[in-house]
Structures are given as C-alpha cells and as structure tokens.
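Q: Here is what each chain is made of, one letter per residue.
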Amino acid sequence: MGMDRREFLKLSAASVGAATVAGQASAQSLLDRIPNPFAPMPPQWFDGDVETVYSYCENCFWKCGIEVKVAGGKVRKVDGYATNPKSRGMLCPRGQGAPTQTYDPDRLKRPLIRVEGTERGDGQYREASWDEALDYIAEKMFAIRDEHGPESVAWFGHGSGDKWFASYLPGAWGSPNAAKPSVSLCTGPRETASQYTFGRGISGHEQIDWSETNYIVLIGHHIGEDTHNTQLQDFALALKRGAKLVVADPRFSTAAAKANDWLPVKPGTDTALLLAWMHVLVTEELYDAAYVEQYTLGFDRLVEHVQPYTPEWAAEITEIPADTIRRIAREMAEHAPRAVIPVSRHVVWYGNDTQRNRALYLVNVLLGNYGKPGGYYFCDAPGVDAYPAPDLPLAPSSGGCGGSTTDVEADSPFRDSVDRGLFYGSATAVQEMIPPMLTGEPYPIKGLFSYGVNLFHSIPKVDYTKEALKQLDLYVAIDVLPMEHVMWADVILPEATYLERYDDLLLQSYKTPFIAGRFPAIEAMYDTKPGWWIAKELGEKLGLGEYFPWEDMEDYLDTRLRTIGSDLEELRQQGTIVRRGRPYFADYERFNRNPLGTPSGKIEIYSERFADAGFDPMPTYEPTEQPPAGSYRLLYGRSPVHTFARTHNNAVLMDQHGENEVWIATKEAERLGVANGDYVYLENDAGVREGPVKAAVTERIRHDCVYIVHGFGHKAPLMRLANGRGASDTALQSSYTLDPISGGAGLRNNFVRVVADAPNPNHPPIKDLVADRSPV
Amino acid sequence: MVEWYGLPWSQHFWHWPTLFHFAFVALAGGMAFVTMVATLRDHPRKRTYALITMGLIVLDLFTLWVESPARWRFTHVWLFLAFTPTSPIWIGAWGLITSMVASFFVWLDRGPRQVWGALLVIGSSLALVYPGLALSVNVNRPIWSMILIVLFPLTGMVTVTALAMLFKQAWAKAFITPLSLASAGIGVLYLWGLATGVPEAQQGFAYLWSHGGPLFLVGLALLVAPAFLRRTPLLAALVPFVGATVVRSLIVEIGQHQFFGF
Amino acid sequence: MTRYAMSIDLSACVGCSACSVACTMENDVPVGNHRLWIRNTTVGTFPNLTVEFRPEQCLHCENPPCVPVCPTGCCYVTDDGIVDIDEHQCIACGACIAACPYDARSMHPDGYVTKCNFCRHRLEEGKLPACVETCPTLCRSFGDLDDPNSAVSIAIREADRVDVLRPEQGTGPNLYYLNAPSSFGLTSNIWDVKHEEGAH
Amino acid sequence: MIADRTPADARPPTAQPDATDALLQTIAATYASPRDPLLDDLRSGRFAAALVALADATGVPAPTLPPVDATALQASYVDLFVSSGDGLAAPPYLGYAQDGELLGDTAEAIGRFLKDEGIGTHDDWTDLPDHVAAVAEAGVLLARHERPHAARDLLARWVRPWFDRYASSVADRDGSGFYGPLTTFLHATIREVTRGNGS
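Protein chains in written order, with numbering that gives the first Met the number 0: chain A, 0 to 775; chain B, 0 to 261; chain C, 0 to 199; chain D, 0 to 198.
Please keep in mind that the hints were generated in silico from the structure rather than gathered at the bench.
Values in this document were obtained by computation on a predicted structure and should not be read as measured data.
Some clues are possibly wrong.
Said to hold, decoys possible - Restraint ranges, calculated between C-beta atoms of paired labels, are given here: (1) C:M0 x A:M40: 23 to 29 angstroms; (2) A:E283 x C:T49: 32 to 38 angstroms; (3) B:L233 x A:P34: 43 to 49 angstroms; (4) A:R240 x C:P166: 29 to 35 angstroms; (5) D:S43 x A:G120: 35 to 41 angstroms; (6) A:K465 x C:D85: 54 to 60 angstroms; (7) B:Q201 x C:N62: 23 to 29 angstroms; (8) C:D85 x B:V114: 35 to 41 angstroms; (9) C:P147 x D:P160: 52 to 58 angstroms; (10) D:P66 x A:A755: 50 to 56 angstroms; (11) C:T49 x A:T619: 36 to 42 angstroms; (12) B:V114 x C:M0: 43 to 49 angstroms; (13) C:P166 x A:R688: 46 to 52 angstroms; (14) D:R111 x A:I563: 43 to 49 angstroms.
Just so you know, even glycine gets a beta-carbon here, dropped at the ideal spot from N, CA and C.
Generate coordinates for the entire structure from the input sequences, incorporating the hints supplied.
A: Here's what the structure looks like:
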C-alpha cells in the first residue's frame, strides 16, 4: 500500500487496485472535441489488421467449424470455412450472431455464493474467489457423500463441456445419476429404436445421404426452421437437383412450403401413416426383396402384421386421403433405394415414440436404403485415444445425442441410477432424476450440478422442479448467462464463452469423419474460467486429482493428437483434420465385416428382445389422447434465429425475432374473436396461464392444434431483453407421457385454451432496451 | 400471415419538428417574395420586410438544424460546397441563402436595389417552390403527387399574407381571399387527382382518407372561409393561416407512407 | 465495365435470415437498423398454400432515385454499379430515404444514413459479400452482369422466371428474384398490422 | 491491491486537494466490490467523514449511511452491478453507458486517453478496463500527479455520462439503502463539480 495519501481523506485508497501509473502525460487538446465536418469517418474494424483463429461454434449442438476474426482485441465476425465438412464456408443466423453474447453486459462475471439465510430463488448473491467457491462446493459434497453416498449427487450437462460434468466427473466421483436433456427430452427414442433395430445408434447428425437421394419424405422434420447448417445445405442442393419432397406435418412448415406434397396429418397419428405405407409396400410387393432377404430378420412376420393397416384404415385416423397414402408409397418404391424418410431430431412427442421411430426405420428398410447410397449411411467418430489417465471407477452413463449408454456393471460398488427400472432402455432420463429430490425414492438426490442445462426451459413440470430444488443440500449452476434457474443456485460458476477457451477435440461421426479444434480467440473476460479448468480444479478439491493428470488443455490436446500423428500446432493452423469414412454396406463387405450390431447380425424387423420384455416386437398404432372440446394440442418448434432458450438475451438475434407468436387457424381465430396481431393468453388444463402472447392468425396450421416457437416467455425478469417476451411452451407442459422403452418424455400431450383480449404488453423495441441512444 | 426477421426502415423519417420546418419555410419563402415585390417597387416598408425575411429564414434554418440527427456533426456546410441542382433540398438551401443575402443588403439599403430585387426573385421563387418539389420528386410515394409543386407555394403565400394582415399591412387584405380560394381549389384538385389516378394513387387516397381525410376537409373549409369573413379581418387572417398549415402538415405527415403494391 | 448484380433464388430460400445477421455483424449495423431483412409472405388457403421467403435489401438500381435528390452529393454510384454513401458528407436530411421505393436506407443513430453497399470492402479483397458467402441454401448469386459467365448471369439465364421489386418505379433494380413460388410472381406487399406506422 | 508507485522522481501530489480528487476517490471506493478495504472504511467512519468533506466542498447534502451490514452490501452490490436475475440495473462500464455495447468506441477512447496519460490497469485486475471503479481510481492518480485538468476532463467526459444514465435505476433498484442514496449524492456532486466545464 505504497500510495501516499493525504491525511484529510484517509480512505484506504481506492480498494480497486486497478490503476498503475507508468509514465508521463500529454495535455488533452480541446480542439479534437469539436466535431470536424471535414474529418473522414472513423475506420471500421476490417480497415485495420484482422487476426483469424479456428474454432467451432457453440450456439447450437451442430458445432460448425468457424473462422473467428479478431480486430483490436475484440471478436468482430465469425464465418464458416471451406475445409470444415460441417460449415463448408457457410453459417446459420445463430452462428453469425453468437459473438454478441460474449459481449452481453448481463453475462455472469465472477463466482457467486448465495447469501446465507436467504431462500433458493431469492437471487441474493455475494462475490467469491474461485478457491472459496470450490472449497464451499467440495465441503458440501463430502457432507452429502458421508450421509447419502456419492450417488446422491446428480449431474446434468449440455454443450461442448458436458463431457466433464455429465460423464467424466460423475464417473470419477461415483454417481450414475448423470443425464443430458439431449437424450430423454430429445433424441432418446430414436437412438433406442436404432439400437434395437440396427444394433448401432443414429449419429449426432442424422446420417442421411442427401447428396445421393431423389425422394425425401419428412415427418415432423423442420428443416429451414431449425437451421442445422449442413443439413440445410444438403436439403437445398437436393431440391435444386430435382429431388421430390413430401412433408407430413400438422403445420405448413418451411419444409412443407418447399414440398411437392404436404400431408396435413392429424397430430399423434404419424405411426398409422407409416404402417399404411408398409402395408402398401408389402402387399403390392414394391419392397426391395433382395435387400430384405440379405440383411433383415423377421420379414415374413411383418407381412402378416401389416395386413390390417390398409390406407383406408389409416385415412380414417390421419385424415390423409387413402389414395394419397397409396400414391406416395408407390412413388417411394419407384425411386427406391434412393428414396428416404429421414429420422428427425426431437422425437419425444406422444410417449409411443420408440415404436414410431422403429416404424420409420422399417419403411426405409423395405425401400432397401439403409446402408445404401441415397438412404442412411454408416458413420463412426474418428478414433483418437484418450489422455492416459486411470480408469474411472464408474463408466459414464449419461449417453448423448449419439448413442445409448452402457449399463452399470453388475458387480459395480455403486448403486444403479435412480431412474433404473422405470423404462427398458439403458440411457438415463433427466426428468426422472427430479422426483427422487422430493420423494427420496429409490434413494434421495441431495446434490445437483447443472452445466449449461436450462432447468426451467427444458424439463417439463417446471413448478415441480422448483419444489424439488428447494429440498437439495447443494445446487451448483455452471453457465454463461444469469438464466432464471441459475439464480436459484447455491453457487454460480461463470464459464468463459466459446470464443475465450479451449475445449476437448470435436470427434465428429460424419460421412467423412473429422476432428475439429476450438482455440481461444480472446482472453477470458471478467473472472470466468473454461469448463475443463473448473472440472479439474473441483476434481482436485474432491481428492480425484489422479483422474486429471494433464497440466492444461494444451498439454491434453497435444497428447491426444500425437496418438494420430498430428499435434496441437497443426490443428491450430488447419482447424479440421478430415478422415475417410466407410458409408455403405459395400465398404464393409469388401473386408467381409458386418456394420450391424444386433445379436442376430441382421436388421431386426421382428425384435425378439422387445417381445421378451413384453413390448410389441413390431410397431403398432396406439391412439393418443385427444384435446377436450375448446382446447388445442400445443405444438412447438424452432425459430431459425434462436437456439433452445439460450439466445434470448442476444441483442442482434432478438432484434431479428423478439417474441414468439401463437399460430391459430383462421376459422378457429374467427370463432374465438381473435384478430391477427391481437394478444392472447394460453391456459392449459392444469391452470397454468402463459402470455400475453401475440396471435398469428394463419391458414398454415390445422384447426385442432396451436403452435409456438420454443424458448421464449422467460419468467422472473431474467435478462433485460428476454424478460416477459412471448409465452413459454415448457411452462405449459404440466404433464408428459413416459415412453416405457426409451425413457423419453412425450411432451405433445398438453392441451391449451386460447383466452382472447389479453393486454398488449407494448414491448419496447430491442434497440431502446440495448442503449437509450439520443432519440433520432 | 407475414413473418419478419429484421424490418425495412418503413417508419416515418421526418418527425414532428419537420411540420414546424414546413410552416416556417413557407413563411420565409413568402416573406422573401413580399420583400422582392417591395424592393422592386421601392415600397417604404421594404427594409422591415427584409428584416422579417431574414428573421424567418434564420428561424427555419434553426428548426432544420434542431430536427436533423446530424446536428452535432455540423455537416450542413456541405450543402454549400456541392453542386446538385437535381436535389430540391439543395435548391431550397441556395434559395434561402440567396434571399438572406439579398434581404441583408435591402435592409442595409446600400448597393443597386434592382440587383437585390433580381436576387430576391430567384431566391424567393426557389424558396417557395422547393418544399412542394421535395415531396413530389418522390414518385414512389403516391400521396405526394406533382400538384404539390403548386399547392405548397400557394399555401405559403396564404400564410404570409395572413401574417401581413395581422400586422395591419394595407395590401394584404386584397390578396387573402383570392389566395385562399385558389389554395382550396388546388387542394380539391389534389384530392380529385389522387382519387381518380393510377391504382397506387387511389391506394394512397384511401390511406390519406382513413388517416386524416376529415381533418383535410376541415383545412380546405378554413381556406374557403375568408370569402365570408370580410367584416372580421382578424378571423379572415387566422382561419386561412390555420387551414393552410393543417393541409400542409397532413400531406407531409401521412404522405411518408408508401405501398409495395404491384 | 463491371456491373455488379445479385440474384436470389426464391425456390431455394427458406427465409432463415442468416444473410441478415451476417450483414449486421460484418458491417456493425446498429441494433434497430437493418440493411437487409426477411419478409415471408403466405398466400392461399388451407391446404393449398404458398409461402414466399424473400430477403430484401438495396437493389443498387440502374438509375437510383436516391442519388439525384441528395443535397450534398454524398450519395453516388461507383463505376461498377454500387450505390454507396460518403457518410462524412451526409446531413441526415432524409431525402434519400424518402426517394427509395424499397425502404432500403435507414438513419444511423450517430446521424447519417446507412445502407447496403454489397460489402465493398470484401469485394476489394476478392471475397463475396457477407450475405452471399454465408447463405446455407446457396440461393444467392453475385457477380458482374456484363460477364455472361459470372454466377449471377448464369443463375438469371437458367431461372424459370425472373422478377424484380416494383418494376413500375422504373429504377431498373439489379437484385433479381428467381423462380418466385407463387403463380403471379412476387407477392404484393400486404401491409399487415405489424407495419402500422410506429408499431415498428 | 493498489498499485505500488514509488518512482524516485515522483513530484509530491498537489498540496491542496480539490473536490475532483476526493470525489473520484469516493467513487472508486464505492463501486469497487465491497470487500475488506471498503468495509473497514465504513466501520471506522472514514467513509462518512469523506462524504461530509465532499459535501462541504460542493454544498451537496451528504446522505446518511445505514449501519454497516456486510452481507446486505455484498448482495446488493452483486444484484446492481455484477449479475442479477432481473437484468443488471447498472452495468458498471463507462463504455457501455454511451455506446450500448461493451468494449465499443468509448471504451477504446477511454483506453487511449488513459494510455496517453501514462496509466494502465493492474494485470491481476479481473474486470474490463472501463469499469467505473477502475477509471475513477485512474482519475485519482491523475489528480495526485499535477494533472487535475485531466482528472476533471475524465470525470466530465466519461464518468458523468455513466451516472446520468444509471443513477436513477440504481436508486430505484437498490435494496441496501447504501448504494441508492450514495449514487444519487455522487451524481449531484459530479454535476456540481463539472458544472465548470460541463461537456
């Protein structure tokens, strides 16, 4: 404290410790403060020198390879780059707008600990150093372990760093209760169906051979609205090449607008449509007999199974004319094997989703396109050895977008996950880990780590989740923005955004598998740390240091890359290392190997394992609950400029799409007295009321359902831009139907009433919220 | 149903201060015209008229400066460093400056009177005609039709004549009624032109009617009124002044709307 | 002589606004201003529907009405056909905004008009404009109209139908909409409630 | 902590400290995170004395401070200036107050201004360089080394706009009874001190 301070103001000097005096000063001339009309405009960022760093985008799970352009120490622009198979030089709106989040003033800046004596949800915090915060966490975790055992800590994770917090650390700590919402709230059913049909999962990026197919049938697949960059490019190129498109969707989606045939199928009846197509393919012998003979098992039973599912039967249920169903089946057969029904991504719809996805796979199998050009190709992640470290006591069990998980070994010293036995599949279900926090059955969950998982905007039954959180001894949130669920945590750990950190290698299973690297473009702002650092420091505090032997991420990445003859610097220069894939059956048969992983080594049309477990061995149609009179089924989907519920404080993206609108069929709106642009409330049968939300009166949706974009309606005024805009579909999901096979939570059995003349909230335009610049 | 991502800049680009500018520029232009006549005729009051002209011009330029988003950039100097005769605003700027300079010398009462008169002829005509021109040059906005080139100078003269009447100028009383009636006539012609014009003009008329039609008719009525108010000069001056300003303001405000119909 | 032009294939465009966000980030366009926006218009009745996904921006017209009205001469057309602004001479009078039939010019909060200039700084480096480079449906083509082998010339030649916005304005737009999905060409601008003056 | 500055040729700071120096010092101490240095000042009454001194120098009535409650102070500080579920009342960045974006033109201008004055930020400072407390402290150092003009210029051109924009929202949102009245007082004092050369 060498500052010499005058007596009169004996303050302990500026306790900031920020400023240092280095040299001499130059007088500040007044002249340059008067605006000079002849002076040229100030230079733009691209006029100076611009540095480029390779990375991959984090604004959704697609992880397109990006070139980050830095000028004046600030990230100005991100673009795709040609050599990355995911971006190929192009990006979607969310990827382009992502850097704005790094410079969001509402960002989490430093570790915070909830003020003692306050309730969860009050949002009262005090600052803490990283050491203090991690010690606080370790101490509480040891207490939980001593009283309830290590399994009593649940770990939720999503995003590039979820490897650490939903697989690696839980495995080291000894808790099977690790889950990702991307399984049981998104892709779970399609993965389980694929495991029990083909013996291998669907890759994280739906391996459809777009470049070779000539006939595409989309069922509830919202290409164009969920801008998955590469998929959108391939889809557009396929249409440009003249591929035919059929879209089955209760809503005239963007994809439907590009289709030759739009089938406004009644919600919940897609399986009937698929079964009718199987009926036509089988009874009119349009299926690929050679393919079925060579690769499948149980076809003869399918012939008899599909007899009753005539197009006329399906027409009754789906409200699609029988001859249309028959015509499309024939067209598919005509274009086979280059005709494909791509599996979609978010498939937890009605609770019978595993069977629906199996039905979808079987139609593709009858067309003989699985493993053939124009259908589904085989792909595996490029093999890169892990960093040499001792084996984890417990194999990671959370699964991920890509595949289902391995079972906890029988002789493992740890108990099964709390959701074991609730459903047949082996993946963990995030929504089933909430009840044990309240009921203590089969054993209590007393600790929770939430890494990048928006608890109140992904998991249904939001109020139930809030009650459960209150029972915990420890709730730690690791995130980038002060989301509503984050401000419920005991300890908040701010993670550096993707532009400011290293992350593990992206080993992408794709037609040409590739390895992509993430390199920091700027110094981490504020007091934020990357996920790997938090996991390693916490691991050491928990006495699990032996599982984190690497010094830092550069050492970790370099060591891993050396196992395949590359190194960190080479990846830093190239950004992506592309491998050769083995996409088709032919590529395996040349070495007489079988890519199918089923016990029978065949595609199991008839599933013995399902039969033994008491499920339908072949897909059947189970009618779903219908909305009561005056109510509509609540459907939800994507905006091209938003990701889940995480981009709603991004000024640029909110300026593009600032609030969601509820689509109401014109006739229904007339009956309700709602005009286009009016504001309404949505009220579900459990009495939850959402809104006011703007009504979009449109012809583009059936009369028996309404539609809103997911991710809006942030409740407790979360962040300046996001607060109170639009309605939240998750809040209206007061119930879900558990899929007995995969553990997926069917979210589309919620019905809402539309309550007219809600007050107009008159949201101020985004530009006024960002900065009250002097009025023009 | 129309979905938007981002929005075109279809909001109004001239805000309420502009209406004051259009009122003041009409007075300034009109006053310059009166000063021109006074100078050529060597009218005894020409020096006061010149002073008022300068005052009004300064007031108008100040309003423009306040209304401009570039007020702190002081870039208006470029108006006088460029030569863009196709730009009505450039014409207006030079018109006002010429009138200003000429009025100054008329006020000083020095130098060749005929030359200042000639300058004032140019300056006042440019200043009077440019507001109407600035609107009608935008063919993409149907509500601003060509006839405004006549309507705005006329209503300008109405307001300045009304002002003169208020200050008991003898000559004013004779001109107020013909000018007002002429303005009202052109106003009706303007509405009729829109209503019977090309489809886009008719679309413009419908929009004008729905957003200010009745008020427009009131304006026209106020312009016709002086013919019946000869006995009360005060009213005969105020009523057309208000009428002219209402008509001009409605056209400027509502006319900023454009339609993409094709 | 180079004559830059752009074409957008409406049969491929899905109205995702990747172009709009890329433009905003590349040119530091302030929040609230847009040099490029997306208008998706639905036509028809259930179930016979058409949706026209249409990006809109400055069309860099052959004879731009915005250039002659500029009182300081800071709106100009470059010799390769780009309509641009020399912002440091702009007095924010709004004459060009009034004259533009396509609402493509907006007032920057710092007091000058800002508009699309085909990303001239990228063209000088031999790169494509930001919107063309990032478009994930590859529906945008850009190049020299005078060169028959340029991407835009080929795209226009191969299109089933070519439309421009408000042809009757006589501005000669250089942004061509190809393969408009609705039978009677580009959907007219349906002035919906969101657009009532002030409800921005 | 505070930079150790003992170059041999440092001239003694100006004898008679004017209000700018004391004001900047108080701002720096107020908007730094409420750790021990500030708490000691409050408990020892030095802070209150400094306010009274400032009030006398400028004629703006000093606010009465509530009893010192560390947790309430820390909670309120985080809610107002660090992270809040309700959206930050006052992002503590001078650049953001004028540009509406972080590390924008104003932040760069502040950086250039301070570099020209020979002042940089400590390397273990874990926040943005244009944090109100950091820039205020830089002002204190300026004032103490024969550059009161630069200190007043910094106060008027950069610190004052932050208060102009956020003082009211801090006053509305403050729950501790400390930051609200204090910010209002400092805002009034700044207007007083900078009235001489109001920007």
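Q: State for each hint whether it applies.
A: Status of each hint after checking the structure:
no.: 1; hint: C:M0 x A:M40: 23 to 29 angstroms; verdict: holds (28 angstroms)
no.: 2; hint: A:E283 x C:T49: 32 to 38 angstroms; verdict: holds (33 angstroms)
no.: 3; hint: B:L233 x A:P34: 43 to 49 angstroms; verdict: holds (46 angstroms)
no.: 4; hint: A:R240 x C:P166: 29 to 35 angstroms; verdict: holds (31 angstroms)
no.: 5; hint: D:S43 x A:G120: 35 to 41 angstroms; verdict: holds (36 angstroms)
no.: 6; hint: A:K465 x C:D85: 54 to 60 angstroms; verdict: holds (57 angstroms)
no.: 7; hint: B:Q201 x C:N62: 23 to 29 angstroms; verdict: holds (26 angstroms)
no.: 8; hint: C:D85 x B:V114: 35 to 41 angstroms; verdict: holds (36 angstroms)
no.: 9; hint: C:P147 x D:P160: 52 to 58 angstroms; verdict: holds (56 angstroms)
no.: 10; hint: D:P66 x A:A755: 50 to 56 angstroms; verdict: holds (53 angstroms)
no.: 11; hint: C:T49 x A:T619: 36 to 42 angstroms; verdict: holds (37 angstroms)
no.: 12; hint: B:V114 x C:M0: 43 to 49 angstroms; verdict: holds (47 angstroms)
no.: 13; hint: C:P166 x A:R688: 46 to 52 angstroms; verdict: holds (49 angstroms)
no.: 14; hint: D:R111 x A:I563: 43 to 49 angstroms; verdict: holds (46 angstroms)
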